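Chains A and B, in that order, give the protein sequences. Residue 132 is where the first sequence starts when you use our numbering, and the numbers rise one by one after that. Residue 132 is where the second sequence starts when you use our numbering, and the numbers rise one by one after that.
Just so you know, these hints were derived from the structure itself, not from any lab. The structure displayed is predicted, hence computed values, not measured ones. Check each hint, because a few of them may be wrong.
Because identical chains cannot be distinguished in the list, a pair is counted as satisfied if it fits within a single copy or across any two copies.
For lysine-lysine, the following PhoX-like pairs were computed, each having C-alpha atoms within a straight-line distance of at most 25 Å [unchecked claim]: (1) 348 x 398; (2) 348 x 271; (3) 453 x 398; (4) 271 x 217; (5) 278 x 209; (6) 330 x 453; (7) 330 x 278; (8) 211 x 278; (9) 271 x 209; (10) 348 x 217; (11) 317 x 453; (12) 211 x 398; (13) 278 x 348; (14) 398 x 317.
Protein chains: 2
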Amino acid sequence: MHDLAHSIEFQMSLLLFVALAGYLLSSRIGQPAVVGQILVGLAIGPSVLGWVTYTEFVSSIAHLGAVILLFVVGLEFKLKDIASLKYLVIGLLGVIVPWIGGYFLALAYDFEHHRAVIIGVALTATSIAITADTLREMGKLSSPVAKAIIGAAVIDDVLALAALSIANEMATGTVSVLSSGLILLKAILFLGIGALLGKYLLSRLVTRIDESAMAIKYPDMVFIFAMMVAFFYGMSAEIIGLSAIVGAFVAGVSLEGVGLKNSKSFKEGAEYLRIIFASVFFVSLGVLADVRAMTWELMGFVLVITLVAIVTKLVGCGLPAKALGMNWRDSTVLGFGMVPRGEVAMIVALIALNQGVIDQPAYVALVLMALLTTIITPLVLRNLLLK
Amino acid sequence: MHDLAHSIEFQMSLLLFVALAGYLLSSRIGQPAVVGQILVGLAIGPSVLGWVTYTEFVSSIAHLGAVILLFVVGLEFKLKDIASLKYLVIGLLGVIVPWIGGYFLALAYDFEHHRAVIIGVALTATSIAITADTLREMGKLSSPVAKAIIGAAVIDDVLALAALSIANEMATGTVSVLSSGLILLKAILFLGIGALLGKYLLSRLVTRIDESAMAIKYPDMVFIFAMMVAFFYGMSAEIIGLSAIVGAFVAGVSLEGVGLKNSKSFKEGAEYLRIIFASVFFVSLGVLADVRAMTWELMGFVLVITLVAIVTKLVGCGLPAKALGMNWRDSTVLGFGMVPRGEVAMIVALIALNQGVIDQPAYVALVLMALLTTIITPLVLRNLLLK
Numbered sequence: 132m133h134d135l136a137h138s139i140e141f142q143m144s145l146l147l148f149v150a151l152a153g154y155l156l157s158s159r160i161g162q163p164a165v166v167g168q169i170l171v172g173l174a175i176g177p178s179v180l181g182w183v184t185y186t187e188f189v190s191s192i193a194h195l196g197a198v199i200l201l202f203v204v205g206l207e208f209k210l211k212d213i214a215s216l217k218y219l220v221i222g223l224l225g226v227i228v229p230w231i232g233g234y235f236l237a238l239a240y241d242f243e244h245h246r247a248v249i250i251g252v253a254l255t256a257t258s259i260a261i262t263a264d265t266l267r268e269m270g271k272l273s274s275p276v277a278k279a280i281i282g283a284a285v286i287d288d289v290l291a292l293a294a295l296s297i298a299n300e301m302a303t304g305t306v307s308v309l310s311s312g313l314i315l316l317k318a319i320l321f322l323g324i325g326a327l328l329g330k331y332l333l334s335r336l337v338t339r340i341d342e343s344a345m346a347i348k349y350p351d352m353v354f355i356f357a358m359m360v361a362f363f364y365g366m367s368a369e370i371i372g373l374s375a376i377v378g379a380f381v382a383g384v385s386l387e388g389v390g391l392k393n394s395k396s397f398k399e400g401a402e403y404l405r406i407i408f409a410s411v412f413f414v415s416l417g418v419l420a421d422v423r424a425m426t427w428e429l430m431g432f433v434l435v436i437t438l439v440a441i442v443t444k445l446v447g448c449g450l451p452a453k454a455l456g457m458n459w460r461d462s463t464v465l466g467f468g469m470v471p472r473g474e475v476a477m478i479v480a481l482i483a484l485n486q487g488v489i490d491q492p493a494y495v496a497l498v499l500m501a502l503l504t505t506i507i508t509p510l511v512l513r514n515l516l517l518k
Numbered sequence: 132m133h134d135l136a137h138s139i140e141f142q143m144s145l146l147l148f149v150a151l152a153g154y155l156l157s158s159r160i161g162q163p164a165v166v167g168q169i170l171v172g173l174a175i176g177p178s179v180l181g182w183v184t185y186t187e188f189v190s191s192i193a194h195l196g197a198v199i200l201l202f203v204v205g206l207e208f209k210l211k212d213i214a215s216l217k218y219l220v221i222g223l224l225g226v227i228v229p230w231i232g233g234y235f236l237a238l239a240y241d242f243e244h245h246r247a248v249i250i251g252v253a254l255t256a257t258s259i260a261i262t263a264d265t266l267r268e269m270g271k272l273s274s275p276v277a278k279a280i281i282g283a284a285v286i287d288d289v290l291a292l293a294a295l296s297i298a299n300e301m302a303t304g305t306v307s308v309l310s311s312g313l314i315l316l317k318a319i320l321f322l323g324i325g326a327l328l329g330k331y332l333l334s335r336l337v338t339r340i341d342e343s344a345m346a347i348k349y350p351d352m353v354f355i356f357a358m359m360v361a362f363f364y365g366m367s368a369e370i371i372g373l374s375a376i377v378g379a380f381v382a383g384v385s386l387e388g389v390g391l392k393n394s395k396s397f398k399e400g401a402e403y404l405r406i407i408f409a410s411v412f413f414v415s416l417g418v419l420a421d422v423r424a425m426t427w428e429l430m431g432f433v434l435v436i437t438l439v440a441i442v443t444k445l446v447g448c449g450l451p452a453k454a455l456g457m458n459w460r461d462s463t464v465l466g467f468g469m470v471p472r473g474e475v476a477m478i479v480a481l482i483a484l485n486q487g488v489i490d491q492p493a494y495v496a497l498v499l500m501a502l503l504t505t506i507i508t509p510l511v512l513r514n515l516l517l518k
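Construct the complete structure from the given sequences, taking the supplied hints into account.
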């Protein structure tokens, strides 16, 4: 018999057990399920109890969870809700302001220029997953401010990943206005072409399959097709250097509103997949953060960078939103909705660590910043939205 | 960017694409989806096109698929439908006859005694997954003969895994009647305790969660709980040396018939998970079989052992069924329903290969026997059932 701790059944049952414990904790402290799941994940991870390590399998399942979650979120959005100049302005400033803020903070802490650039990048990308899930759980996904948050966060993610590519080129000293522009152009083209292709080709293909004689015999086909599109878009986004979850989101948006006659509902199916896999994803965010590398000196930096992360999004996204006609409450909700850095910042930090651009303490600081902004956001959002 | 071929999105979208191609092929040749999926899996695997290799990730997802599939199948079965002396007799003879048949065939092909024992074991275990899925797709899961097949196949699987443990002890020369009896006892206790615990404790816990105030707030909890039970039972089965899928099946049987008021249906949820993950599982069975190691000499052995695999199940299960009062058609359906060896035989062969008990050609022969019996069964069953 193979090693129990690496048995898939052991890991799945433990992760789901932990997810349930997260629900209990969340219910006890009156907060969204996400918060409880990350906290319980932290408790069972290597930092504290050490019951679960971030194995290849946990990583794969969490990865599936993030993709499925964003696909489900995308299914709630109409294309025209996102394509807006307003969101472009908010998303753009939501990248530039945290980038500059993080850069100067890092310089103040004696980091060299090119290290400061990448620390700034880690502050740029919003983790749509956390905010979207909080909004989903509160039934607020269809409110105008939710649409603005998601719209801006998608643009913001695309720009942040472009910023990562630019920062990488800076580190190797080959950056130019031309190459930066090229990265941005690829990103915008992907969004545009992906959405149009989905809307006018893939959606029609779904209808075509559903109305064929095969769908009556095999009602499962459309669901498999829809999930294939989600992963294919995720893969395509990765190929051109974006995050897979951005691709999955675009896939969801593309397939939104397709009606079915004979087949099982892919919307319902994706929702069930989300229940299991997004739970594992949120638990894994807690497991991933190993806080044992913590020192007292580092703590100060963590708190300051977290504060900068929050303030720069409030300023970079909230103020433009107000200037573009939103009221103060909605602008604050939007600003805070953009605060969580979650897995995106963790991934940026990991890439920088692997490339030797930042060292272990800076890495831990960025991971903790991501975690803190992730835990704070649902708490604040919930209170703001319940007012 | 990491290697595309190992990207999770790439593998998932390709596997789902292949699953869809399997549907198209099945529809074209008028056979169940499983057959098409295995054949297309074979085509894209290392044997032919080499598009997909059996990576750790594919293996994990396929493993999840097998567990989820048997859980879904279990949800269709009442406990009292399976606990039958009749099925015990059929299951027992369905293990003994193929074991003896395989043993003597291997001796005739000049295999040594302890190698022949394990080759015999590879012929014992029925892959319930294939037959159950064929029956499920044809809407015949609730027919009496289907119940008999599944009931006998579960017992047969338990006994086959006990046989594997006994054969392993034979190879190391420490087997005794006492230790063989102990393995069997553990298996029977697991089935009994697992089913009773599920029926009288876990089912009530599900009802309790569903009726609590938390279920209204978090309707996802019951589904997560049910899947946790499925994986936990799978893990428990593995710990005592049975196959995880037997555990998942018992979990399904235990939770059968639990009604819900406030929560999302775990039965529906598990069914949606099955659509995606069982497809990947069936495709992976094709990918796993690398037929490049094939020689002309081996071909003869493969054909003979496949024939023995078929005949011994027809005789070992079909004849007792007839003797116990079934008509000829149902007895034949039952006998053929027990023919597919699928993943169970492949796992036995893999374990034997890793322990050095059999060599590469014998391994390939067993894998091909498993594949052939797996492909033949749905074809024959379908024709028998359509009569």
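Notebook entry, point to check: Are the CA atoms of residue 211 and residue 278 at most 25 Å apart within a copy, between copies, both, or neither?
Noted result: within (11 Å within a copy, 52 Å between copies)
Notebook entry, point to check: Within a copy, between copies, both or neither: where do residue 317 and residue 453 come within 25 Å Cα-Cα?
Noted result: neither (30 Å within a copy, 68 Å between copies)
Check: Are the CA atoms of residue 330 and residue 278 at most 25 Å apart within a copy, between copies, both, or neither?
Finding: within (19 Å within a copy, 45 Å between copies)
Notebook entry, point to check: Is it within a copy, between copies, both, or neither that the alpha carbon of residue 330 lies no farther than 25 Å from that of residue 453?
Noted result: neither (32 Å within a copy, 57 Å between copies)
Item checked: Alpha-carbon proximity between residue 348 and residue 398, which holds within one copy, between copies, both or neither at 25 Å -> both (20 Å within a copy, 21 Å between copies)
Next item on the list: Have a look at residue 453 and residue 398 and pick one of within, between, both or neither, based on CA distance no larger than 25 Å.
Entry: neither (34 Å within a copy, 47 Å between copies)
Notebook entry, point to check: Given a CA cutoff of 25 Å, do residue 278 and residue 348 count as a within-copy pair, a between-copy pair, both, or neither?
Noted result: Result: close only across copies, 23 Å inter versus 38 Å intra.
Margin query: At most 25 Å between alpha carbons: which applies to residue 211 and residue 398, within, between, both or neither?
Written below: Classified as within: same-chain Cα gap 20 Å, cross-chain 36 Å, threshold 25 Å.
Note to self: For residue 271 and residue 209, with the copy left unspecified, which applies at a CA distance of at most 25 Å: within, between, both, or neither?
What the structure shows: within (15 Å within a copy, 41 Å between copies)
Check: Given a CA cutoff of 25 Å, do residue 398 and residue 317 count as a within-copy pair, a between-copy pair, both, or neither?
Finding: neither (29 Å within a copy, 43 Å between copies)
Next item on the list: Could you place residue 348 and residue 271 in one of the four classes (within, between, both, neither) given a Cα distance threshold of 25 Å?
Entry: between (38 Å within a copy, 15 Å between copies)
Check: When no copy is specified for residue 271 and residue 217, does a C-alpha distance of 25 Å or less occur within a copy, between copies, both, or neither?
Finding: within (20 Å within a copy, 56 Å between copies)
Comparing the model with each numbered hint stated earlier shows that hints 3, 6, 10, 11, 14 do not hold.
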